[in-house]
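Chains as they are written, first to last, in the working numbering: chain A, 2 to 123; chain B, 999 to 1111.
Keep in mind the hints are simulated off the structure, nothing from the lab. Mixed in with the good hints there might be a few duds.
Said to hold, decoys possible - Derived DSS-like pairs: lysine-lysine, alpha-carbon spacing no greater than 27 Å straight-line:
#: 1; chain 1: A; residue 1: K54; chain 2: B; residue 2: K1067
#: 2; chain 1: A; residue 1: K10; chain 2: B; residue 2: K1098
#: 3; chain 1: B; residue 1: K1110; chain 2: A; residue 2: K23
Stated by the list, open to error - Per the computed footprint, the stretches of chain A lying under chain B, defined by three or more beta-carbons under 8 Å from a beta-carbon of chain B, are:
#: 4; segment: 44-57
#: 5; segment: 110-118
As the list claims (entries may be wrong) - Taking CB as the label site, the calculated pair distances span:
#: 6; chain 1: A; residue 1: A40; chain 2: B; residue 2: I1072; range: 40 to 48 Å
#: 7; chain 1: A; residue 1: L55; chain 2: B; residue 2: T1024; range: 26 to 34 Å
#: 8; chain 1: B; residue 1: H1038; chain 2: A; residue 2: S56; range: 27 to 35 Å
#: 9; chain 1: A; residue 1: N58; chain 2: B; residue 2: D1009; range: 36 to 44 Å
#: 10; chain 1: A; residue 1: H27; chain 2: B; residue 2: P1074; range: 28 to 36 Å
#: 11; chain 1: B; residue 1: G1027; chain 2: A; residue 2: K10; range: 35 to 43 Å
#: 12; chain 1: B; residue 1: L1078; chain 2: A; residue 2: K23; range: 32 to 40 Å
#: 13; chain 1: B; residue 1: T1070; chain 2: A; residue 2: P84; range: 37 to 45 Å
#: 14; chain 1: B; residue 1: N1051; chain 2: A; residue 2: P84; range: 22 to 30 Å
#: 15; chain 1: B; residue 1: S1026; chain 2: A; residue 2: P84; range: 35 to 43 Å
#: 16; chain 1: A; residue 1: E53; chain 2: B; residue 2: R1014; range: 45 to 53 Å
Quick caveat: nothing in here was measured; it's all calculated off a predicted structure. Each residue gets a CB set at the ideal place from its N, CA and C atoms; glycine is no exception.
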Amino acid sequence: DTEVTQTPKHLVMGMTNKKSLKCEQHMGHRAMYWYKQKAKKPPELMFVYSYEKLSINESVPSRFSPECPNSSLLNLHLHALQPEDSALYLCASSSPGLRQGARGPDSGNTIYFGEGSWLTVV
Amino acid sequence: DAKTTQPPSMDCAEGRAANLPCNHSTISGNEYVYWYRQIHSQGPQYIIHGLKNNETNEMASLIITEDRKSSTLILPHATLRDTAVYYCIVRVAYNTNAGKSTFGDGTTLTVKP
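Isolated chain A (complex conformation) (with noise of 0.2 Å):
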């Protein structure tokens, strides 16, 4: 089961709606993601929040609007979006600056990711 839970699971928006997706995890990591995954292709990384700040921003238009407002929060705020847009937007979270050498799952930089909101835009 993931650890990093995204709401809503679909949503559907009209191109002049604002809307919100909403992340959020509890493992105390400190980095969070956005991934956009249109139909067979693979994640595309849109933002990432390292310490709740944005750390990179893969050229994403700014109908797409990021916020991390705390260290487990993350949200992604809709506004005019195009139909090209649908799409399942993904979130991960992971724990960056852990120990070197260390073994197992978070020895890394392993990313979790949720299950998605699969967006639809009409």
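Since chain A is already given, all that's left is putting chain B on it; use the hints.
Positioned in the frame of chain A, the structure of chain B alone reads:
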């Protein structure tokens, strides 16, 4: 993060071992090899990762070549529920910043009865 190359699809008979290869010839010394799988309509699931030693857990084994330019994920006794897209990615082992993680196209594994 280094780029990875995987075959687009593979079949495996149920109960047999599934061996999924991955090439990562530009891997850096501080990058781990990670494997994830994604079952239809779900988020990617972590399977295993390693730096240079072979690794085994309850799900799979990971064999990394000595030069670290390629690796193989082994599912020892594949079941129908192992049908999924398998992604190999390379990622900085530890960092004060989270860093990128770029997914390649993955391998669609189909386990057949």
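- [ ] Compare the structure with the hints numbered earlier in the document and write down the numbers of the violated ones, lowest to highest.
- [x] Of the numbered hints given earlier, those the structure breaks are 1, 3, 6, 14, listed in rising order.
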